[in-house]
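Enquirer: These protein sequences, in sequence, are chains A and B.
Numbering of the first sequence is given in the UniProt record's numbering, commencing with residue 1 and proceeding in unit increments.
Numbering of the second sequence is given in the UniProt record's numbering, commencing with residue 1 and proceeding in unit increments.
Source of the hints: derived by calculation from the structure; they are not laboratory data.
Hints are not guaranteed to be accurate.
No more than 25 Å apart at the CA atoms, straight line, and that leaves these computed lysine-lysine pairs for PhoX-like [as the list claims (entries may be wrong)]:
| hint | chain 1 | residue 1 | chain 2 | residue 2 |
| --- | --- | --- | --- | --- |
| 1 | A | 117 | A | 91 |
| 2 | A | 84 | A | 320 |
| 3 | A | 141 | A | 91 |
| 4 | A | 320 | B | 58 |
| 5 | B | 58 | A | 286 |
| 6 | A | 187 | A | 210 |
One side of the interface only, derived from the structure: several residues of chain A facing chain B at Cβ under 8 Å [stated by the list, open to error]:
| hint | residue |
| --- | --- |
| 7 | 64 |
| 8 | 111 |
| 9 | 225 |
| 10 | 234 |
| 11 | 263 |
| 12 | 266 |
Keep in mind the model is a prediction, meaning the values are calculated, not measured.
The beta carbon of each residue, even a glycine, is placed where N, CA and C say it ideally should be.
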Amino acid sequence: MTRSSTPRPRTGTRTTARAVVCTASALAVALTACSAPGESDDDTKASSGPIKVAVVNAQSGQLSSLGDWEYKGAKLAVDEWNEKGGVDGRKIQLKLFDDQGDPTTGTNIARRLVSDKYVAMIGTAESAVTIAMGPVLQQAKIPNITSGQSDGLVALKSPYLFLNGPTSTTYDSTLAQHLVKDKGYEKIAMITNNGSFGKGEHDAFLKAVKDLGVTPSTDQVVTTDQKEFSAALTKIRSTKPQVIFIGSEEVEAGLIVKQARDLGITAPFAGAAPQGTPVFIDTAGKAAVEGTIVSSPYLSNDVSDASKKFAAAYQDAYGKEAELHGAKAYDGANILLTALKTSNGASGQELADAIRDTRYKGLLGDFRYDESGVGITRTTIGVIRDGELVPQQ
Amino acid sequence: MQETLQTLVGGLSLGAVYALVAMGFSLVYRTMGLVNFAHADIAMIGAYAASTFYLTYKLPFAVAMVVAIAVTAAIGLVIERVLRPLENKDFDLMLIGTIGFGIVLQAVAILIWGTTGRAVRSPVPAAPLDVFGVRVRTYDLLVMAVAALAVLGLAWFLARTKRGAAMQAVAMDHEAATAVGINVGRSNALAFSIGAGLAALAGGLVGPMLYVDASLGGALGIKGFAAAMLGGFGSVPGAVVGGLAIGVLDSYAAGHFQGYSVLVTFLVFTAAIMIRPMGVFGERTVSRA
């Protein structure tokens, strides 16, 4: 009781206090930066020193595996360019920011990117965070290549926002076509979550099947932090569906499939990008995901010479197997760097125009950007066999 | 009818885990009058430790659980040791200290295990039982059985052993307890380590049901805390009732209100707390703040 040293708790409060001061000063800096309009226009061509590019993605929290993949893909592309001498002899300086999958944190980071004069941003993988950051980046004319796929991104109508993959509408209309037209399924059940991704998937898929004249047998909505799905799955089971559409992120989708099998549901599941990932497969278990139908622009590392080369480089750099999200970010980073090269290291409006004009043959397909910032409008259908996503035969 | 029963079964299995989390919260509160905000993150560490010994070192699941409990009990001792100088001096700083420890534990988990979590396969491979069309997972039965044993064990410890009685005495009046020769520090340390062990039990058991990553604590903590409040903070039977109630409530709310289920769960919770602020089994004697 005589000891009065209290190292841990005090450090705790001190860090909090410091964090508050930091945030406050960062805000102040950001405000001054905003209050000087045109400032960023003045140095559209800082022609010396490294080119500063930010990667913003979740490195902690439930979406951290997504953020990790995205960062690895983007960094691989940047490292390759730097090895070849960068852009016009200038190195590309890549810095990672952790948004924790949280829109508020993302907005703070956006202000920091403005005040620290970043030329462009890669990320985030979370549509909600990207949408939150959008207005700040648009005002400061910082082009952003996002991995989000929500149609809400397009609705933002920012000329500085570009997608490195298809939108939910593309994913889900391809999927709906396959399920209804090719497979002839008429009883389709839906389970989606009410987060930004799940809501986007819900609306896009529902519209797509309805356009094809099919009404889902049941439409279950769960929350993003739900862990137990007995109620929804029992209702789905009672409608005896031929296939179940699932619109939620990797881990939750995995839990849903796992619990569905335990309840004796044998119908296959169908979904978009998250359903092709190893996290989804691991969470549910290999046997449970057998036959899952996946709509994705990047099915496996073996589809083309380019993807084989990418996968080998990824393996060399990180000792891990490449997957869709790394490939998306790799394509996005390459598009950005190509645009930087063709515009001789421009920034702002000029760089955004250069990105829009870039024709890029990537891992996900041929990118041709339109006014909406969407560059790719095709996905292919794959199936999970023995724990691996393979192209549909 | 079948749907109702199925929902009940699903709610009970997670409810048993919430009950375990609530018990850990309650035990520390009971002896020290302190809410340990690091509790949920200790459960997360326990889940990671159990999954590591089970999947990476290939220990049997039960052995992995025991090792994980030992690890977190040690963490509990460390936390208590660091907070001890503040006891009876600065209560608020103790609370903030536990919050700080929670943040530290999350950071440590990311340092050790990385950002990508891991899926834990069920240690009970048997197919789910079919009881009149209601499917009951065999692993869920195991979880409920272990939780029940833990409840009985803790109740027995508190009521029938000398150390347990000493802890109760400290809870009632720590000055009088010191006067009769009870070592208050040791009693608190014991409460903290048992609480942490219970957290590991909850975390380790929930691993194969959910997905183990650094944010697992958040998922268990809020519901576990609500369960402890609902049952009456500091009460062991209250923790059990609260845990099962929150689990089942959550499950039914999910069925009826779909996307709004969290809102409904906590509205019902708030209403219950307003009607009975001390919770179902709550008593107002334990307060050392």
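Enquirer: For each hint, tell me whether it holds in the structure or not.
Expert: Going down the list of hints, with the structure as the test:
no.	hint	result
1	117(A) <-> 91(A)	16 Å, holds
2	84(A) <-> 320(A)	24 Å, holds
3	141(A) <-> 91(A)	22 Å, holds
4	320(A) <-> 58(B)	22 Å, holds
5	58(B) <-> 286(A)	19 Å, holds
6	187(A) <-> 210(A)	12 Å, holds
7	64	4 Å, holds
8	111	24 Å, violated
9	225	6 Å, holds
10	234	4 Å, holds
11	263	5 Å, holds
12	266	13 Å, violated
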